[in-house]
Amino acid sequence: MIGTDGTDTGPVLVGVDVGGTFTDAVALVPGRSVTLAKVPTTPDDQSRGVLEAVDAVLERAGLRHRDVARFAHGMTVGTNALLEGRGADTALVVTQGFGDLLELRRQDRAHLYRLSAAHPPPLVPRERVVEAAERCDAAGVRVPLTDAAVADVVRRVRDMGVATVAVCLLHAYRHAAHERRLADALRAALPGVHVSTSHEVLPAVREYERAATTVVDAYLNPLMRRYLGALGARLGDAGLPTLEVMQSSGGLTDAATAAAHASRTVLSGPAGGVVGAARLAGGEAPRAITFDMGGTSCDVALVEDGAPGRTQRSEIAGRPLHLPMLDIVTVSAGGGSIAWADSGGALRVGPESAGAVPGPAAYGRGGARPTVTDANVVLGRLDAGTPLAGGVRLDADAARRAVAGLAQALGITVEACAEGIVRVANHEMARAVRRVSVERGVDPRQATLVAFGGAGPLHGCDVAAIVGARTVWAPAAAGAMAALGLVLAGRRRDRMASVDRLVADGDEVSRTARELAAGLADGMREPVLTFRAACRYEGQRHELVVDWDPAGGDAALAAAFHRAHARQHGDERPGSPVRALSVEASAEEPGPAAPVSPDAGTDRLTGPVAVAGDGSTFWLPEGWTAARRASGDIVATAEAT
Amino acid sequence: MDPVTLQVMANAWRAVAEEMEASLVASAHSPNITERRDCSTAVFDAAGRMVVQAATIPVHLGAMPEAVAAVAARGVRPGDVWIVNDPYAGGTHLPDLTLVSPLYHDGAHVGFAVSRAHHADVGGMAPGSMPAGSRELVQEGLVLPPVRLVRDGVLDDDILAIILANSRTPAERHGDLRAQLACHRVADARAADVIARHGARTAVDALGALLEYGERRTRAAIAALPDGEYQAREELEGDGVGDGPLVIAVSVRIAGETMDVDFAGTSPAGAGNMNCPLAVTRSAVYFVVRAVTDPDIPASAGAFAPVSITAPAGCLVNARPPSAVAAGNVETSSRIVDAVFSAVGGAVDVPAQGQGTMNNLTIGGAGFTYYETMAGGQGASPGDDGPDAVHVAMSNTLNTPVEMLEAAFPLRVEAYRIRRGTGGAGRHRGGDGVERVIRVLADAEASIIAERRLHGPRGARGGEDGAPGENLVNGAPVPGKWRGFLRAGDVITLRSPGGGGWGAA
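Chains as they are written, first to last, in the numbering used here: chain A, 1 to 641; chain B, 1 to 505.
Fair warning: there could be bad hints in the mix.
Simulated DEER-style distance windows between Cβ atoms [stated by the list, open to error]:
#1 165(B) - 147(A): 21 to 27 Å
#2 346(B) - 142(A): 52 to 58 Å
#3 171(B) - 552(A): 25 to 31 Å
#4 153(B) - 85(A): 53 to 59 Å
#5 73(B) - 507(A): 55 to 61 Å
#6 171(B) - 511(A): 26 to 32 Å
#7 485(B) - 552(A): 47 to 53 Å
#8 296(B) - 365(A): 43 to 49 Å
#9 201(B) - 111(A): 35 to 41 Å
#10 443(B) - 445(A): 33 to 39 Å
#11 473(B) - 528(A): 55 to 61 Å
#12 230(A) - 296(B): 21 to 27 Å
#13 247(B) - 413(A): 54 to 60 Å
If you're looking for bench data, these hints aren't it; they were derived computationally from the structure. Even for Gly, the Cβ is constructed at its ideal location relative to N, Cα and C.
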């Protein structure tokens, strides 16, 4: 391709991430340039903001629509629809006798001591749950599914006039025939109605979590199809390439696949940030912790050898979502977190947040309660003279007034109070770092903290110091990391199967894994295949997901599990029998090379000093030194103590 | 301690207890711990006062200090891990095995790490060690006074052998104890981290400061309640053995910043197993205190210092050896909550009564023991309906998923549903109870211990009562406390009560 300056640019990759306030775009010309742009999110129709962001970034980079070779998208459509209850009218088909599955949840109450607190209502109301006359147990079919029973289900679902159906029958993770028959009959009788089945969405034991996840898949389907369809059309009209979408798993998929599997992109947004940070850190830091701090929350993930940690369990808006995804721990601490004094005289920060409106007192939009951002302004770490991303000007007097009120209540100086707010918030976020590291058996002291998001670079060094990490890296693209992750990601496909067998010296589990991988990488360039199995010691009930290479057979899996268990729980049991519950195979295309950040042309900095950057400020505390590279990246190191 | 350091240290010490619990839950074997999370962990100061607790189960709230006191009385040395379950020497009921290990820094004793987990079987006259119909403690299982399971850092295989030999499921016990021991190693490492990071002086001083902090907050919260003396009375539905009435009488006196809770007038301990050691009674009172004050106040010895609890020696809620206690922890504790809530309801608005039982079901046979408690209706509150199908008071365990249960035990769940309309009517409706129907696929012995089978939980301010629960075997009603043999193919049905309604409809 030829740039506007007439030179050959090579393929241009564009990523656009839609956040709550801003839509970020990145244009990457591998090996040559990275360009960022930021426009306001357009909540009424997010695709409008997406196109505006594309235009903005291409204009900055001096490129045209037709130069773009790949377009990747990160979105919060699924999460928002779940939070706001805007999904489709969905029916749920379950085994006879279990129609209350979603309402029963796991029978725990929403709050231990607030007795009137209620769980969010199920996405499918009870009157749209249909019981099917059938039953399997762990060993197989107990009550066969008759033609009459199938017809009865179809008739009742048809009468409801729903847009989508979720089917989750007991023990279908292993015995899927009844779900298949019901799905086939429903699809044949009700064209245009989408059907999600639990054995396809999540072939894993535990009926409530599987049903809840399958329901999310069905509930989001029409919305996701409409949104991605409309966006794809807009992109096409603009002469941009086919849409690819970031999945919760940290890899891209084509829009059609994303539309057909709506539950897989619920964590599309945060995954982009983790992938971006992981790819940037990959070359230089064998162990990294991504630290993404924004206005209301802080997302943390562990990255080893460039690969982010993975999990199969998560919860969105009070509902479980059990799917292969990046292992991201979120705490509600951000720039907008409100500081307060409790009745015991302790200084507390959050979980309440001033959000974007009214926002911190310093935003001058009517906020009067002190926030973490206000404390940073009082301490001079945020310069009131430098506008924030989006042009917000900081009002130092308003920040000081807000913090002074709390300082008076606590009987300390304004500066001590501001310092305290930042310190308490940092310790809260350090807990998230410990959860992804210490609780996973990984020592954070050898890790590099990759700090990004609006407030990440401001708090990264202090949080690193709390957990004993000595290196902090704030990439120049800290304000648009999720969008950068989109252009650096590769395509990815995941498949999962239930196995439930003892892991011995044979090859059964490994063979299942290899079979899963057949055809998985079709159409991919230089795909990397990886395999994981959820295993436990015979008799245990919780699985640990471990990576292994099935070429080494099942003995290799057992050895990998023994190691992982010893690492995570400090309890070595070589020789104890291991059971595998499920296996996952993944194929991932390597993404383009991450922009290099040569350790050259660097400024040396010595803390304490605040360094204003493009869209975020880096705070280098006393006892730290840093190099600011030509790329704009800042790499900080704690002095030996 | 300044307001910032105080909060930073609260965070640091709480993380120690939470990381212990995370480790225990993730590596234990039995569904009781891993799925139901019937366990808790805590850090105590060197004087044996609880400073922070990671507890998902309120019944463990006040129940650990006795265990630490009993261990401390035996002498504290580095490298030891003690085990205890004797309800009359630091325990609650026998399945709850508590481990206590002293924490040291530079040779100085700075505190204790404590873990408690409900083990599915510790022997006794019936599988699950929760027998309906037990009459003395020794029938309920192996009694462990405080003994050292680990001495000078070395596991005592002899003690372990005794414990395993007395369980119907020794392999599972072994796995759970390994996990519990590992979480004490986590405590050692994490406490050392906290001390290294903040300095021994600050870290240890913080333990005392956090206790004072909890006490300040509870005092402020109690001061906001109207002073006065409020009485209430609840009658249990028998213990399946004796025939005397089992009455819980309570008087709650709120005066300024303190609350005195006195159980004078409560019946003597019964012949059966509904009796509680005082530790369980404390937990039930603390539960109500947390619910009517500010649940944001972390549980600690300090937070509960302004609350005094007295009960006549040898009464139902302060039992003495050799009284049986298996059901006191689960059932009587629930009804103590009802009684204390009713009394405190004289001072402030409280919710109508919830199900008031945990609907304990144990089924055991050749090589297996299944134990589970079941949700029911929550009472309606002045502003909201009562939630359906939840644990309401002293428990909050997760259910065992049907698919896990059927894979692990010769049992088939035939139905699991909400009992619609069982919550009491009212301006705000009580929550509905639950029905669970289980077919046994092998000969087995079963035990049910449940309250609220005769009278439903009471409504408040004109709200109607919730429906009582029911127990059935092959469709025929059986009493609230029942033990019997089942043949393969028999069906056992538990129906839990609905919660009371609030306000006239």
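Against the structure, the hints come out as follows:
1. 165(B) - 147(A): 21 to 27 Å: violated, 55 Å
2. 346(B) - 142(A): 52 to 58 Å: Holds, at about 54 Å.
3. 171(B) - 552(A): 25 to 31 Å: holds, 29 Å
4. 153(B) - 85(A): 53 to 59 Å: holds, 55 Å
5. 73(B) - 507(A): 55 to 61 Å: At 57 Å between Cβs, range holds.
6. 171(B) - 511(A): 26 to 32 Å: holds, 29 Å
7. 485(B) - 552(A): 47 to 53 Å: Since residue 485(B) and residue 552(A) have Cβ atoms about 50 Å apart, the given range 47 to 53 Å holds.
8. 296(B) - 365(A): 43 to 49 Å: violated, 28 Å
9. 201(B) - 111(A): 35 to 41 Å: Check passed, 37 Å falls within 35 to 41 Å.
10. 443(B) - 445(A): 33 to 39 Å: Roughly 56 Å apart at Cβ, these two residues miss the hinted range, so it is violated.
11. 473(B) - 528(A): 55 to 61 Å: holds, 58 Å
12. 230(A) - 296(B): 21 to 27 Å: violated, 45 Å
13. 247(B) - 413(A): 54 to 60 Å: holds, 58 Å
The earlier numbered hints that this structure contradicts are 1, 8, 10 and 12.
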